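Let's have the full structure, built from the sequences with the hints guiding it.
Protein chains in written order, with my numbering: chain A, 34 to 254; chain B, 52 to 344.
Just so you know, not all the hints are guaranteed correct.
Unchecked claim - Distance condition first, Cα-Cα at most 25 Å in a straight line; then the derived BS3-like pairs of lysine-lysine:
(1) B:Lys113 - B:Lys333
(2) A:Lys229 - B:Lys253
(3) B:Lys296 - B:Lys282
(4) A:Lys200 - B:Lys282
(5) A:Lys200 - B:Lys276
(6) A:Lys219 - B:Lys253
(7) B:Lys113 - B:Lys88
(8) B:Lys165 - A:Lys38
(9) B:Lys189 - A:Lys229
(10) B:Lys189 - A:Lys234
(11) B:Lys55 - B:Lys88
(12) A:Lys169 - B:Lys168
(13) A:Lys200 - A:Lys228
(14) A:Lys174 - A:Lys229
(15) B:Lys168 - A:Lys234
(16) B:Lys62 - B:Lys333
(17) A:Lys200 - B:Lys168
(18) B:Lys189 - B:Lys55
(19) B:Lys62 - B:Lys245
(20) B:Lys113 - B:Lys55
(21) B:Lys252 - A:Lys229
(22) B:Lys165 - A:Lys200
Hints were generated in silico from the structure; no laboratory data involved.
These numbers come from a predicted model, not from an experiment.
Residue strings, one per chain:
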Amino acid sequence: MIITKKRDLEELKENIKNYNSFFLIGCSECATLCGTGGEPELQAMKETLEAEGKKVTGSFVAKTGCQVLGTKVELKPFKDALAGTDCILVMSCGAGTQTAVELFQDTAVYPTNDSLFLGNMTRMQMFDQRCSLCGKCVLDKTGGICPVTACPKGLLNGPCGGTNEGKCEVSPDMECAWVRIYNRMKRIDQLEEMKKIAEPKDWSAGNTPMNLNAREKKGGG
Amino acid sequence: MNFKEALNSGKFAVTAEVGPPKGTDIKEMLHDAEALKGKLDAVNVTDNQSAVMRINSLSICKILLDMGHEPILQMTCRDRNRIGLQSDLLGASVLGIRNVLCMTGDHPNAGDHKEAKSVYDIESVQLLRVVDSLNNGKDMMGNDMKGATDFFQGAVVTPEADPVEPQLMKFEKKVAAGANFFQTQAIYDIGKFKEFMTYAKKFPVKILAGLVLLKSAGMANYMNKFVPGIKVPGDLIDELKAAGKGNALDTGINIAARHIRQLKEEEICDGVHIMAIGAEDKVPLIMERAGLL
Ligand code: SF4
Ligand code: SF4
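Laid out in structure tokens, this is it:
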């Protein structure tokens, strides 16, 4: 899921100081699990804004805020409230914010969250980054542990000289990704694979902006 | 005799290190370099060592070359992408630099520009291959070049890494990628290093043992605690302690000299790489006491 955290409130206040009426959009997926854009957070934001003397015309939690068409349909019942709104606050990720920008081209839209990474939830409200969406996955060669993400240098051919008792040179709080990969490869009997030299990575596979038309199934391409 | 010839002749090679300063005043560095002239087989020039921003390695290599030194250009992958690295390698080649040490490089987090965007487009193993490709007249994408380079390329290895197995796997990759010589991370336990050499001798590469000059017991303790892959044994720390404050540096020089003597006399490895870290002026003294001058 996309991991978000609340932006600095003072910064947000500065963003919206010239607006008076707000509509809040949350998201039932990642932002709800992160505690940044579910019902309780929307309610809290409403109270914060009202305490500042602002008006909240309505609020709603989108089922999947990054789904443009679905969100558009879900927003239909809020037409009147939205008509009397001069600013929309999106309490999900940067993608959700830009759904609103696409749907409300004449209204100011601000994010209330910083979008951090694609993460795994390891415990309630604890998240780890395991994949950085590089565009060309190497997990098939690394025992399923991602060095592009877990090694601060994104090394592909084994540990640097900074490994220290299995920890990473960048921080003793971090396991060295390549020691983890080594241990894993050993366990699954794939050390031979680890001995192969990895070619330079095609980073252009991750160039932004990307798009994908998954409909193109015909023609075998 | 250049560095490559020296190593290939079977001579016990000696290299040391010059660290470019931060800023444009290079007087002190030149003074140290002058004192090393004619004594070394090659001199490494570090590349923004510990991710601390300084004069680039290439410029200082050229200055040292003009002084009559044989420079080894240290190249890390931290600050330049594959275009920048290859371009600098070609530049080094036309300036007459013949030796290059391929490294991944300390993370910016270690240095004085922690907010820098680190590059690591490629890394040490791949950089060795790039050098090999340039030596064969092609860039790393296989494009033909007008004129090839003629580098003698080397790499680093940490014999006392913990755990050591993945480190040795990487060592073997570096050998396969074209490394001709290795300069090791600092070693202090000659017995342990002998074990590493028994293994390393199976490969067609030259190994120079890395020696960092111990300046005090405090420094040794610090390195044990904070520098990955360095282990100073307790008896050496005791020796430094026993020498007392005023004599610790002199004792450190003796330790380095003693180790060099043993490495050479017992033919344990192909040479030594002396890292005096801020006490470059002591390198000739170490060599003298080791019987190398
Ligand atoms: S290799 Fe790329 S796609 Fe695969 S897990 Fe790592 S970052 Fe994600
Ligand atoms: S210590 Fe391990 S995880 Fe950290 S930068 Fe080096 S190889 Fe990567």
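Hint check results:
A threshold of 25 Å between alpha carbons decides the hint, and for B:Lys113 with B:Lys333 the separation of about 23 Å falls inside it, so the pair holds. Restraint check for A:Lys229 and B:Lys253: satisfied, since their Cα atoms lie roughly 19 Å apart, inside the 25 Å limit. Distance check on the hinted pair: B:Lys296 and B:Lys282 sit about 21 Å apart at the alpha-carbon level, within 25 Å; holds. Proximity of A:Lys200 to B:Lys282 is assessed by CA-CA distance (about 16 Å); at most 25 Å being required, the pair is judged to hold.
Pair hint A:Lys200 plus B:Lys276 holds up; C-alpha atoms about 13 Å apart against a cutoff of 25 Å. Distance restraint check for A:Lys219 and B:Lys253: the Cα-Cα separation of roughly 23 Å lies within the 25 Å cut-off, and the hinted pair is therefore satisfied. This hinted pair checks out: B:Lys113 and B:Lys88 have alpha carbons roughly 15 Å apart, not beyond 25 Å. Distance hint between B:Lys165 and A:Lys38 is fulfilled; the C-alpha atoms sit about 23 Å from each other, no more than 25 Å.
Taken as a hint, the B:Lys189 and A:Lys229 pair is honoured in the structure, with Cα atoms around 23 Å apart against an allowance of 25 Å. Distance restraint check for B:Lys189 and A:Lys234: the Cα-Cα separation of roughly 19 Å lies within the 25 Å cut-off, and the hinted pair is therefore satisfied. Straight-line distance between C-alpha atoms of B:Lys55 and B:Lys88 comes to about 18 Å, which keeps the hinted pair within the 25 Å bound. Distance check on the hinted pair: A:Lys169 and B:Lys168 sit about 21 Å apart at the alpha-carbon level, within 25 Å; holds.
For the hint linking A:Lys200 to A:Lys228, the alpha-carbon distance of about 21 Å falls within 25 Å, and the restraint holds. Between A:Lys174 and A:Lys229 the CA atoms are separated by roughly 9 Å; this keeps the pair inside 25 Å, and the hint holds. Taking the CA atoms of B:Lys168 and A:Lys234, the gap is about 18 Å. The hint holds against a cut of 25 Å. Under the criterion of a C-alpha separation no larger than 25 Å, the hint pairing B:Lys62 with B:Lys333 is consistent with the structure, at around 23 Å.
At most 25 Å may separate the alpha-carbon atoms for a hinted pair to count; A:Lys200 and B:Lys168 meet this at roughly 22 Å. Taken as a hint, the B:Lys189 and B:Lys55 pair is honoured in the structure, with Cα atoms around 22 Å apart against an allowance of 25 Å. Between B:Lys62 and B:Lys245 the alpha-carbon distance is near 19 Å, which keeps this suggested pair within the 25 Å criterion. For the hint linking B:Lys113 to B:Lys55, the alpha-carbon distance of about 18 Å falls within 25 Å, and the restraint holds.
A distance of roughly 21 Å separates the Cα atoms of B:Lys252 and A:Lys229; the hinted pair therefore holds under the 25 Å criterion. For the given pair, B:Lys165 sits about 19 Å from A:Lys200 by alpha-carbon distance, which is consistent with the 25 Å threshold.
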